[in-house]
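Need the complex rebuilt from these two chains, each delivered in its own frame; the hints are there to steer you.
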Amino acid sequence: MSAEPLLKVQDLSVTFRTGDRETVAAEGVSYELAAGEVLAVVGESGSGKSVSALALTRLLPPEPSCSLSGSVKLAGVELLGLPEDKLAKVRGGSIAYIFQEPGTSLNPVYTIGFQIGEAVALHRPDVKDVEAEVIRSLAEVHINDPERVANQYPHELSGGMQQRAMIAMALACNPQILVADEPTTALDVTIQKEIMDLLARLRRERGMSIVLITHNFGIIANFADKVAVMWKGRIVESGPVEQIMRTQSHPYTKALIACIPRLGQRRRRLTTLSDELKVSR
Amino acid sequence: MNDNLLEVSDLSVHYPGRAAWFFQKAEPKKAVDGISFVVPKGKTVGLVGESGSGKTTTGRAIVKLAPLTAGKILYHGEDIGVLSNSDFLPWRKKIQMIFQDPYNSLNPRADILSILSEPLEIHFPQMTRADREARCAELLRSVQLPAEHLRRHPHEFSGGQRQRIGIARALAVQPELIICDEPVSALDVSVQAEVVNLLQDLQEQFGLTYLFIAHDLAVVEHVSDHILVMSKGKIVEHGTPAEILGNPQQAYTKTLLAAVPRF
Chain A
0 MSAEPLLKVQ DLSVTFRTGD RETVAAEGVS YELAAGEVLA VVGESGSGKS
50 VSALALTRLL PPEPSCSLSG SVKLAGVELL GLPEDKLAKV RGGSIAYIFQ
100 EPGTSLNPVY TIGFQIGEAV ALHRPDVKDV EAEVIRSLAE VHINDPERVA
150 NQYPHELSGG MQQRAMIAMA LACNPQILVA DEPTTALDVT IQKEIMDLLA
200 RLRRERGMSI VLITHNFGII ANFADKVAVM WKGRIVESGP VEQIMRTQSH
250 PYTKALIACI PRLGQRRRRL TTLSDELKVS R
Chain B
0 MNDNLLEVSD LSVHYPGRAA WFFQKAEPKK AVDGISFVVP KGKTVGLVGE
50 SGSGKTTTGR AIVKLAPLTA GKILYHGEDI GVLSNSDFLP WRKKIQMIFQ
100 DPYNSLNPRA DILSILSEPL EIHFPQMTRA DREARCAELL RSVQLPAEHL
150 RRHPHEFSGG QRQRIGIARA LAVQPELIIC DEPVSALDVS VQAEVVNLLQ
200 DLQEQFGLTY LFIAHDLAVV EHVSDHILVM SKGKIVEHGT PAEILGNPQQ
250 AYTKTLLAAV PRF
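Chains A and B, in that order, give the protein sequences.
Quick note: the first sequence, position 51, residue 50 per numbering that gives the first Met the number 0, numbers continuous.
Quick note: the second sequence, position 263, residue 262 per numbering that gives the first Met the number 0, numbers continuous.
Next up, chain B with everything else stripped away, as it sits in the complex (with noise of 0.2 Å):
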């Protein structure tokens, strides 16, 4: 009917606050507050605003990881926000996501090969334990890490290579849609680069769709189709990376535009 992967309508999700007294009514915190945007298939729709905004908890609750208060979340036309965790797995198969910090996302007791194949004995049951060994070194490959290194464990890689790792981790099931959340900001410049180029690689050789979350304006105009900019829990402007940096409407965007140290 169109090619929206996902369509989002009032999102919220609030938490319960706390009452300063006994009796008085605790006024919830409003994390999100009723947001709604569509991510096209094949596209990358990129989610700026600053710490607390609410940017990681719609990326969240888009996966169950945060509960959701009021909206609809619809993928492929299906309403997946009122499904229960056990009716969620497929989903969780087309759905996946890559983390901030590339130290604390990896089991340090695992090494790569049972980090790579969780997934995947979850998701293709069927598969035998060669098949998947066979399956977790072509991940490596195509995050462009040798297969050699299945046997090793996380502290014996540096953060850029933990973060591909990560990516190699969401790639394993063969996902759809690939939310991002913050996937180079714990990354240094030249590394940065370097995991940028890759997601937008493998974007195109697999078709994927990305909802990239990050504070890095820089980084978001460069990989993103359309960009959403988040404040207190709301969107406040959306629009393409050209509109957004080249004509900002909204104080906020200007603010979030100025604070960026130019050279």
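Same shape as in the complex, but just chain A (with noise of 0.2 Å):
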């Protein structure tokens, strides 16, 4: 038993249907995330990454326009052919998300409290005092006289506040997995490094597993235990990410690493994609 991951996705395909054209966005997607663990996604926008990560818990349009296939347990249940109410139970109960850009993902008319409070009561109604719970989860997340912050709107608060507050709405309610969708991207590096610090130390402290979907390679070589890289919708090579880093099999993972700019190794012109792809085929 105890060989069993806390999540195994095994051949998980995604397609969309669109009039008669049919579009495999991701296909034969496997992986398994033991608990406390970091599996880090990468890959360039179009490969399959975060439509994998949403398909996870069926965050993606209704049949017929779209309809997944394979197998994702949690925990050994399986959660592909779970029904409707009792799947809205694991998303944001078990498995939390948190996306790129927080200005979006939060509501503009509730305050931050409402917000949180919100899920709070939704996924642990047994929580007498859900308004103490909310303040505890601000303050969880590192956030500086959280009573004023929850009387606050989305567009009261700075990015890097906003991605605080949502990380505080997916831990308020104990998920075992956080789903983290390019949680950065959209933030400047020293605020970067503090929420990546925040994620690290929340892991650490609370044994979460983190789904990590980003293009950024230093914030998966020091943060992620495990790597798999996606390329058109499907993974194309995966591994412990000290082996990823230092040797890569995959010309496109190879190709993805060249084209990064790097800090103190000026060259005259950066390395392409379709100039390294096109040398290795």
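Derived by calculation from the structure, the hints in this document are not laboratory data.
From a predicted model like this one, the values you see are computed outputs, not experimental measurements.
Ideal Cβ positions, reconstructed from N, Cα and C, are used throughout, including at glycine.
Nothing false has been slipped in among the hints.
Restraint ranges, calculated between C-beta atoms of paired labels, are given here:
1) B:F205 to A:Y109: 48 to 58 Å
2) A:T17 to B:F205: 37 to 47 Å
3) B:S50 to A:A138: 20 to 30 Å
4) B:K233 to A:G263: 17 to 27 Å
5) A:L86 to B:R150: 35 to 45 Å
6) B:A25 to A:K85: 51 to 61 Å
7) A:T22 to B:A25: 52 to 62 Å
8) B:F205 to A:F113: 46 to 56 Å
9) B:R128 to A:L86: 51 to 61 Å
10) A:R135 to B:R140: 53 to 63 Å
11) B:S50 to A:V23: 34 to 44 Å
12) B:H154 to A:K88: 31 to 41 Å
Pulled a few chain B residues facing chain A out of the computed Cβ check, cut under 8 Å:
13) A192
14) V218
15) R261
What follows is the structure, encoded as structure tokens:
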């Protein structure tokens, strides 16, 4: 029984249908995630990394415009065939999400406190004092003066603070897995570091697993345990982070790493994916 | 006299602040607070700093998109800071801007031809419709997009392609100086490399001068001949990329460098 991972994804495929055209957004995606582990999923826009993460709890359009196949097991329970009411408990309950643009993920007409309280009331009906729980979760993500922030509206907060509020909301329901979809892409480097340090601490303290979707290899090298590289809807390479950063076996992974400008290594020209892949094909 | 295309001295942009009490004097918000720098012709000057440091406001003040509180902006030795909006028009042809968000900086209801034609209609009123169309097709080719795309609308393009269209629009009036405000921050790494290379190729081809505003130090290091580090409205450090990265003097620059995840 000890061999059973927390999350086991097998042969997951996502197909979108528009009119009579079918687009396969993700195909044959398989991975395992143990408790407390961080899996980074990398790839460029359109590689299927976000779609495959949303598919875990079917946060996608309904049939027939979008169909899923394969298997997603959370602690041995199959999620894909689960009825909508049971799945709603998993979403935000066991598997919580934070997204790239905190500004568009928060509802602009409700206060931060109200929105976090709503999540708590929904997923943890046993909590008596919702307000205290909201304040506690805001304090946990290092928001100074949580009482004041709870009464503020999203537009009154900076991008970094909004992302903290999103994380507080995700954590308020004690999830086992946090899916962070490009959590720092919209933020600048110093704030990015604060948010990543925060996620690292929460993972350590709570033993929470994280699926981190990103295209920033710097973050991956410092933060992830395992990496899965996606290209055109498929995982083309996966393995422990040290191995992927050191030796890349797939030309796409090599190309993806080669095109990043690095501090202190000035080159005349940046390598682009097309130059790299042309050479290696 | 010298080869500085742009000379900025003691530039300040202050916005009226909000008073805590009715009778209290409102403290102004100093977005940019007395900065001076030069941009030599044909070079790239990088301007880095975190959100709220005033780097974007600096770029916008140069093209009169932000109000100048004090200071001088000399372009080819001529003070353009004091000009009225209508007197500034000829300079808009020489100084163009590329914006961060390729999704919001193009009119969604216009096709690419009209997006690229608009600056031409303003600055080259003598051009015929056929000339304009030919010029727009040429512009698309220079940013490596097929000329057939002229009739398409912005939503039909990816983020990287839209940024190329933004670049083509800036190039339309044959500017000398382009202010690039976080041109690649919203793009992912592979597309970022393509757009950065394109900007460098165009610089070589047309002899352009760039003021390159960004928060990604690695990108700024890659493109710049000279780097300015901005914090809280002031330039705290400046130097060549080797100086700034190899031997940062200010605590703020060190923090900024330390925050970049390395591998």
